[in-house]
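Residue numbers (the numbering used here), protein chains in the order written: chain A, 1 to 164; chain B, 1 to 421.
For the record, the hints were derived by calculation from the structure and aren't laboratory data.
If you're wondering where the values come from, they're calculated on a predicted model, not measured in any experiment.
Just so you know, not all the hints are guaranteed correct.
Stated by the list, open to error - SDA-like, lysine to any residue: derived pairs with alpha carbons at most 20 Å apart:
| hint | chain 1 | residue 1 | chain 2 | residue 2 |
| --- | --- | --- | --- | --- |
| 1 | B | LYS48 | A | ILE149 |
| 2 | B | LYS156 | A | ALA143 |
| 3 | B | LYS48 | A | GLY161 |
| 4 | B | LYS48 | A | GLU156 |
| 5 | B | LYS239 | B | SER205 |
| 6 | B | LYS53 | A | GLN110 |
| 7 | B | LYS71 | A | TYR24 |
| 8 | A | LYS6 | A | GLN110 |
| 9 | B | LYS156 | B | MET1 |
| 10 | B | LYS47 | A | TYR24 |
| 11 | A | LYS159 | B | GLU52 |
| 12 | A | LYS43 | A | LYS75 |
| 13 | B | LYS291 | B | ARG412 |
| 14 | B | LYS156 | A | GLU114 |
| 15 | A | LYS43 | B | ALA372 |
| 16 | A | LYS2 | A | GLY78 |
As the list claims (entries may be wrong) - The following label-pair restraints were derived from C-beta to C-beta distances:
| hint | chain 1 | residue 1 | chain 2 | residue 2 | range |
| --- | --- | --- | --- | --- | --- |
| 17 | B | ILE73 | A | GLY152 | 28 to 38 Å |
| 18 | A | PRO140 | B | ARG18 | 21 to 31 Å |
| 19 | B | VAL354 | A | ASP121 | 51 to 61 Å |
| 20 | B | LEU337 | A | ALA50 | 51 to 61 Å |
All C-beta atoms in this analysis are idealised placements derived from N, C-alpha and C, irrespective of residue type, glycine included.
Spelled out from the first residue to the last, the chains are:
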Amino acid sequence: MKCTGKAVKYGDNVDTDVIIPARYLNTSDPRELAAHCMEDIDKSFHAKIAPGDILVGGENFGCGSSREHAPIAIKASGISLVIAKSFARIFYRNAINIGLPIVECPQAAQSIEEGHEVTADLDAGVITDVTTGQTFKTEPFPAFIQNIISAGGLVEAAKAGIIG
Amino acid sequence: MSMTMSQKILAAHAGLERVEAGQLILCKLDRIHGNDITSPVAIREFKKMGFEKVADPDRVTLIMDHFVPNKDIKAAQQCKCCRDFANEQELESFFDVGRMGIEHALIPEEGLVVTGDVAIGADSHTCTYGALGAFSTGVGSTDMAFGMATGKAWFKVPSAIKFVLTGALPRCVSGKDLILHIIGMIGVDGARYKSMEFTGPGARSLSMPDRLTVCNMAIEAGAKNGIFEVDDVTLAYEKEHARRELRIFKADEDAVYDATYEIDLSELRPTVAFPHLPENTHTVDEIGEVKIDQVVIGSCTNGLFKDMAEADEILKGRKVARNVRAIIIPATQDIYLKCLEAGFIRDFIEAGCVVSTPTCGPCLGGYMGILAEGERCVSTTNRNFVGRMGHVDSEVYLASPATAAASAVLGRIASAEEVLK
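Just chain B, with the same shape it has in the complex (with noise of 0.2 Å):
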């Protein structure tokens, strides 16, 4: 019985030679981690296991992401909570402010999770691993208890959906723009338990910030993981990151897949996810004039040096439309300095926009940026469910940073071709 990738690396944590779609196994798990929001339930619900001590404390990551800086009271106790038990655990790999970054873009920089790993975090977007070609998935806090407990998590042995993809993407085009084709294509349930499995000459074209959106992203077609073949970008990426020996899977020649797409990059135009779920897609092409109040570009989507760097291209020496707010957050400490250094953080000040420390806060309407009753928002986010980033009467529009960038400098939702022609 041939195997996915997925497959392969779950087989070889579990023990066994082969998995089958389906299955129900138990994994070792190299990385386990949460966040300030997630964290403190894992760490109740620990405590209620009765356990004292983490299996293995150099797998252990908590970051301090979500509300922090502090932004009340109630937030700050959990930060509290979080610090106290990495103390007291004596974990090395606890992140706060001043060190701290958005998860999903701390954990492959700091080289905490690397190729060939099973990794699961209290935190859905942990699927952004596949992009370096290990197995990783979002779970609740009392799996991230267990695994903390046991250093294990059970698992259903998923099937796949192979995307074959050919061709390179086109300027103004990006990562974010073929995920947000694929949801669209697949429906937000279109992957619902089953890898996304990323392979073909396209793939290989793409860079790893790409690869680390379009991954981040698989959880909002449903997919329990997406995973990219391991190839010579991959190994590029981890030489410089990987602070453990790599392992790298391919899935069987003859491996079976529920079903197999075949998208050509160079056909993928800019594409905008309108209210209220990912999967309603447009081709900027298709848009009329839909005016906003506030782009944000950031988040574990889209707060990578490479996405700074094209929202930069867009920003740099043009000036953000009267009423429209720009926030923008490098998604590190490392990131935001590497902006610093390049120029960009003034070019985005000279812009008029707003450049803030790493926080997840506005994505999920916790702070940083919240909408008022009827306003609409251009964000290089992952969501835009009813109320996500404020105000239940609140519009959110998910784009690339390009395309979110070139909104804020036109007023409306709008191209970065149209920006840079």
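Excised from the complex, chain A in its bound form (with noise of 0.2 Å):
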């Protein structure tokens, strides 16, 4: 899988509250969702971002409550991939079931600066940072999650047989 966007950097323990704010947990439709992303961290956050950009995030990256609404906001604002220096556990899960690519790599994390162009290739473990010309080695997931990933979410990943 191939990324290529300008990043939006954001620092440590941005939670699932400012990521999509509760009061707007009455709906479940993900383009009224994406409208109000980040807006309590950043009200220029859709100013900012076009289609395929990259989300930079620092550590524990989505912490706070299970809304699936957090990772289903960020992916129909058209965000094509997650960077942070660690994920909250359910929001990775959230991420992976859902089909929103996302990889913990301290190092990309750190260094990666807002509005740097950014490519990564998920498959090769690698991410470039275009503008300053420095790579970047990611882990690969595990098959298990990989083939989740594959499939496009967990729901596909069922649906296929690939697991239960």
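Both chains are sitting in their own frames, so use the hints and assemble them into the complex.
Structure representation (structure tokens):
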């Protein structure tokens, strides 16, 4: 899987309440959720990003509630990949289950600055900061999780009889 | 290879003799549940998967607790979606207005999760039932859908951190102060992906409500689950509540832990987490004058009868300070009734509080107590993130029911000791 886009960057402990505030949880429509994505942490989020852009976070990205609305809102906003130093566990499995590409890479999350052009080849395990020319290696997912991602999420994996 | 308590429960549910940290396994589930926010997404995914019937309707529970009685038309639509699904699937354990309570208080009370179970819930505070000696963890809606369809979930087997508790809690200090102290000590990602296992003579001295509060907030340290060793307190609780046979698992003597912490409960002080992370903890002794606008006593963390009794001890015969709104929410219908019978509801109303039907409403800024710009709330809930209870420039201070009630009376963050002296 390959992703290319401009980086938009946030700090540590970005929680699901700021990714999608609970006042909007009276709907599960991805477009409506996307419209409010990140608004409590960055009102200019939508003005900054274009389809395919890459979200960069710090430690414990996605901590807090189990709301799947959070990765859904990010995905529906057009973000193609989330790179973080580390992910909170429920967000991590939700992202995999809904087919939002994510990768833990502390060095990349540290070095990449907002606005940098970034490419990622998750199969090869390489992230490149095109703006600086730096490259970063990522750990491949275990085969079990790779199968879910390749199928396009847990629903598709279940339909295809890959797990269950 | 020896195993932790959580690993033993997972191994038994995966049909494996042993598991080790990091291993990916598929487990049979004893309970799958969701609420009015997460279930509609799960139901949509369940249908997308092409399933018609849940694997076992007796193991699926839907609880309408976040935005009910419906706060608006969209919330009503979400509940209707759940209600239609419950009827179509003939789910016995569907809890609607009138029967419902806050899910993590209701599920142990109803005996829907029991000692030794593996349970998932599409709500992050599902880790609460570790207090019963069960493995329970929060998941998203797609995991819930998969669980309903197959009766199973995938897990990465966690390693664990061990907390050896000694001593006993002093007066005016509760399970909430203990878990806030721990989160302050290890941080909001201090137990990320791991189990938090509680043991030792101090753990045995804790009441079941205190254990439920401690496990409820394991997620606020990033943990996969929190769990208490099974003892007489567990068995006495389950004798009253369990509807199924218990399975008792114990960590191996030589189980390996990533870290071990010893905590003397008798040294703990009432503790408050300042905005905007649960790890920003201070003991009441270090807090200067912090004036407040609102107090909330309730939620899945502290809406149990014991919590209400601790609030009542402070509020009975006293008045809530001018300019403070105090909102009290017993977590289930049964707790509400017990509060009524004990005279607490009268005490609360006479003190100037409002008492609400069970709802998660204010905790997540849904309704029933939204904060305005610049307002401060002392709350017995579990999160104090930016904008959690309302305006993005409002502030939430997390505390125990006793501290919250004392703060309501004095109009500033204060300890119960100050009121009771």
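_Run through the hints listed earlier and report the numbers of any the structure violates, in increasing order._
6, 10, 14
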